[in-house]
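Q: Each chain, letter by letter, is given below.
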Amino acid sequence: MSIDSNLKRGSAELAILSVLHAGPLHGYEIARRIAQTTDGMLTFDLASLYPLLYRMERDKWLEALWEDGPNQRRRRSYRLTPLGRKQLKPLRAHWQSLFIAIEKLAEGSNA
Amino acid sequence: MPDLTALLRTHLSHASLPPSVEEELVSHLTDLYDAEIARGLDEERALEVARDQLGDPAQLLRAVQQYKEIVMASFRRYILVPGLFATALTTLAGSILDEYRLDHLFGAGNFLSGGRHVWFFGPLTPWGNAGFVSIDLPLLFANLFAGSVAAYLCMRLGGERRQRLWACLVPAVAPILVILANLAELALVRARVQAPMPIGHLLWTVSGYLISWTILPATALLIGAAPFLTRRTEHSHSLSTS
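Protein chains in written order, with my numbering: chain E, 11 to 121; chain F, 252 to 493.
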């Protein structure tokens, strides 16, 4: 796996864990919240969102439950498991230190 | 509302999707489409946005593989484990009844004969009475218990109602296997030493087996499980859609 795809996957995982930290959401709402919160910097189409959701569910970071939504339509809602909750803190710390390092690099190149 | 299921299927070149994956993806597309319409787009443009949001078909199909792994894991966790545990517990209970001669609670004789009532029906042929219904009280009581245990365990593990239903029916699988073995014995062994059994007699026999060893035990399992089939999953939660 390249650095680029690792970065993408890591940031996407953090984004999903972060929005689900506030409470359970279904797929569409997860994508919408992430796009809204990041002012459109991070967006997911179905092909990028669902492989990730299913993988995180398989790894027990998330659990999913079918719920009856409005208009007699069922929705599968996702929520963090205790294991997923545990992943959030180190992931955030990792990304924050990465951003600080990149900022330092950018400052160095501007100097 | 356009046919978003057809849109998804065409995008994936009609590759086979598990129905629940398809339902989830179509639900996502419907939410997206509705949101675009609410934003003021016309139907054609909203459909275009939905189509754009599907993304790379190969990547989407990879998600299906991951979903299948989840389904298998769920099957083991929520259906097989509680169901087999309940089956083992019921077998143990049956052995204890037999060992300690507690079967007098159900009638005379040992565990297998005590409390068992058999009614014959159907035509009498050289192979005996074609049909029968056997009501085995110890087995039915044990199944009430097994159904409760399986559904309760499944619920405690976080299984949904449908999974609890399947878990409680797992102990009914063993009698089905016995029926199949019995039928195989009828077809392969007895047919060699006796004249072939007429199809009518066979049908009566099969229906007797099904009623006695599958339908009645499954009903007892369902009755036992009933208190846990109506409850909501413990980690159930309401959806946030704001």
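These aren't lab readings, by the way, just hints derived from the structure by calculation. Just so you know, not all the hints are guaranteed correct.
Subject to a maximum C-alpha distance of 30 Å in a straight line, what follows is the list of computed DSSO-like cross-link-like pairs (lysine-lysine) [what the hints assert, rightly or not]: (1) E:K114 <-> E:K99; (2) E:K70 <-> E:K99; (3) F:K319 <-> E:K96; (4) F:K319 <-> E:K114; (5) E:K96 <-> E:K70; (6) E:K114 <-> E:K96.
Q: Taking the hints in turn, state whether each one holds.
A: Do the hints match the structure? See the list:
1. E:K114 <-> E:K99: With a Cα-Cα distance of about 23 Å, the restraint between K114 of chain E and K99 of chain E holds, given a limit of 30 Å.
2. E:K70 <-> E:K99: holds, 16 Å
3. F:K319 <-> E:K96: Roughly 26 Å separates the two Cα atoms, so the pair holds.
4. F:K319 <-> E:K114: violated, 44 Å
5. E:K96 <-> E:K70: holds, 11 Å
6. E:K114 <-> E:K96: This hinted pair holds, its Cα atoms lying about 28 Å apart.
Checked against the numbered hints given earlier, the structure breaks only hint 4 and satisfies all the rest.
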